[in-house]
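S.K.: As a plain string of letters, each chain reads:
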Amino acid sequence: MSKPIVATTSLAGCFGCHMSVLDIDDRILELIELVEFNKSPINDIKKFTKKCDIGLIEGGCANSENVHVLKDFREHCKILISLGECAIMGGLPAMRNGIPVRECLEEAYLNGLTVAGNTGKIIPNDPELPMLLDKVYPCHEVVKIDYFLPGCPPRADLIWDALVALITGDEMKLPYEVIKFD
Amino acid sequence: MKNTITKTIAKYHKDKTRLMDILIDTQEELGYIPKEAISQIAEDLHMSEVDVEQTISFYHFFSFQPTGKYSIYLNNSVVAVMMGRKEVASTFEQELGIKFGQVTADGLAGLFETSCIGMNDQEPAAIINNMVFTRLTPFRVKEIVRDIKEGKPVVDMFRASFGDGKNASELIRSVVSNNIRKIGPVLDPFYKPGEAIKKIIKMKPEEVIEEIKRSSIRGRGGAGFPTGLKWEFCRKIEADKKYIFCNADEGEPGTFKDRVILTELPRLIMEGMVVAGYAVGATEGILYIRFEYKYLERYLENILQKAREKNYLGKDIGGKKGFNFDIRIQFGAGAYVCGEESALIESAEGKRGEPRDRPPFPVRRGYFDMPTVVNNVETLCSAVKVILNGGEWYKSFGTTESTGTKLLSISGDCRFPGVYEVDWGFSINDMLEMVGAVNSEVQAVQVGGPSGALIGPNEFNRILGYEDLATGGSLIIFGKHRDLLTDVVLNFTEFFIEESCGSCSTCRIVPTILMKKLKKILNARGVAQDIEDMTEWGKILRASRCGLGQTAANPILSSIKNFRHLYEEKVQKNKTFDSGFDLNAAVLESCEATNRIPNI
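Residue numbers (this note's numbering), protein chains in the order written: chain S, 1 to 182; chain Z, 183 to 782.
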């Protein structure tokens, strides 16, 4: 049987969850024995070149680009996993959800104390730029998500165990340390 | 302003537990409660400003911003919508040139939404500066707005005759109608005030409780706790002071029977409170009335005064040495959850009306932590009749499990909406015939308000009673032409979201999630799984602290149970998953803010 194919991405996240993937340390050598990576920042493949088995999503959806990428993942991956708080419930970026988008933009580009040099009083609006969503959405409010790995970031061991369990089809071990968060 | 507030605070003896009254008066005098007023109230009552603010923010009829010289609160309940609220609402907006939630630029009028105001039998209705306007039409709205622009006082704005019965009396002068359609022992117009008091003072308190227990009467608010038992518990607890609360905070959409009793038989309520006071050994009674019935204030205060003059209230009542009992009226300020007994007590203490953890129950630790009996208006009225005629007589009405009669507030698609007093054990079929609803044209009946059950024709043979369909008395009839999911279930769910006090995360969050699911289904984006999800997730609400939270999913759960086909018709057959996410809608706001054309 050919190796399962994994893809990863970071949407509105901080790449902390990807750092945590790297935190599996030397097991990464084992991992590349177990799986093949496709689209992912880890190997810098920018576009899907084939159908994948597992997609790891870091971060929620804050703009139209995030939504397109997420939908692309859903299309190409058999199993999608929300990795970390931002993907699961919006996380820190979702702190703007209580504030109207217009106010956010005006604070960031016009009225904020640290705004300097925006003499033309312009809020960036180039058609090339992704469009902000009215709020930050967790991934499962946009597409179907199959599994959720909580944590900020999820512990490397949790990510490792989850991937191994998925690939081998064994039941996942969930010891107390893995599911306590304080 | 400073002087008015000083006067108001002095009127309530600088007592911070009377904060509700102080805020109600301030709101009425100034039209809102400004920052400076909050500072002054906090300082004079030796409270922190946030303590004052948190009470203000809890209640619907308190406002931090001006609400206009004329504050218009238009009811948005289900029946109002059924009776043409939409046209009335848009006429108000057009004529005043503002949207709901706004005040005109000149500060003349403010337009706001409000939950059910207890006028379901005469909708659409609105409250303008504490006066109730019923049976509104677009034409009538135009008249009202013209009067507002001319600066007419609200009391001079009526153009029709006043309502029936006491509604027309000098101290009420309201267009509200009683609509009493069927009378029984409680609504008996030949009731003579004071007879029960004369009788009990010759009895021992324990004998009074025995008589009540013999009648097997149960609480009429809906939960049905045996009244005699409640009184006995309270009687047996040793305490320096005990209290009787009469709960006239009927906020369950569709309920208006207390309004009718308060209007026609206020002396019966007061006598009931005196009887309860005598039985449990309480010296003070508090009649807690929802703010929406503030138009009855002068009338009720006058009746209390007359009762004191006749020695039905006050010291040595009826000449009985040491039998002291007096009643004060406490108005709420717009919060459905205050109908829950412990929230009611919190509110009467001047705080946010958040339900307490129980136990201890109020009979042990209630108002100011003293033993307190909280009874529904109707329970107290029935108790008087039990004393006058005996428990055995009372048991001759109703069924074995549910003795006596029940006042029903019936509204919706029928010829004769109003208040009916019937024996317990009455079937829905009989009820429909009684109110002039054509059985074959009825799609559903909501029994017990939003927190109750929505039932269909195959269950119309069920009976009203604690053994079958327990109800606080609200019955709303929906004809075949109504869209149950949009007009009823969604409206009720929004009501629960609006009225949640926010204490329990279950009640604060789950109804909103359920509402989103429901809207998704209504927008044709639902899938079969969504129906399952709602059924399962709704169960989580049982973990809430009070009845509001525990029943907040009932409109959805009970409609899925009894009208599942309505949901199944609307879900997508070819999909097993749809998040309902709409990218076009989600980018609209930012594109407007940046002057971009959405390019998806």
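There's no promise every hint is true.
As the list claims (entries may be wrong) - Heads up, simulated DSSO-like pairs for lysine-lysine below, C-alpha to C-alpha not over 30 angstroms straight-line: (1) 702(Z) with 78(S); (2) 78(S) with 533(Z); (3) 180(S) with 47(S); (4) 217(Z) with 144(S); (5) 476(Z) with 497(Z); (6) 752(Z) with 135(S); (7) 533(Z) with 476(Z); (8) 476(Z) with 71(S); (9) 144(S) with 743(Z); (10) 476(Z) with 189(Z); (11) 497(Z) with 144(S); (12) 135(S) with 71(S); (13) 497(Z) with 135(S); (14) 135(S) with 281(Z); (15) 331(Z) with 180(S); (16) 217(Z) with 184(Z); (17) 71(S) with 198(Z); (18) 184(Z) with 51(S).
Quick caveat, the hints were computed from the structure, so don't treat them as lab data.
S.K.: Determine which of the earlier numbered hints do not hold for this structure and return their numbers in increasing order.
M.R.: The structure breaks hints 2, 3, 4, 8, 11, 13, 15, 17, 18; every other hint is satisfied.
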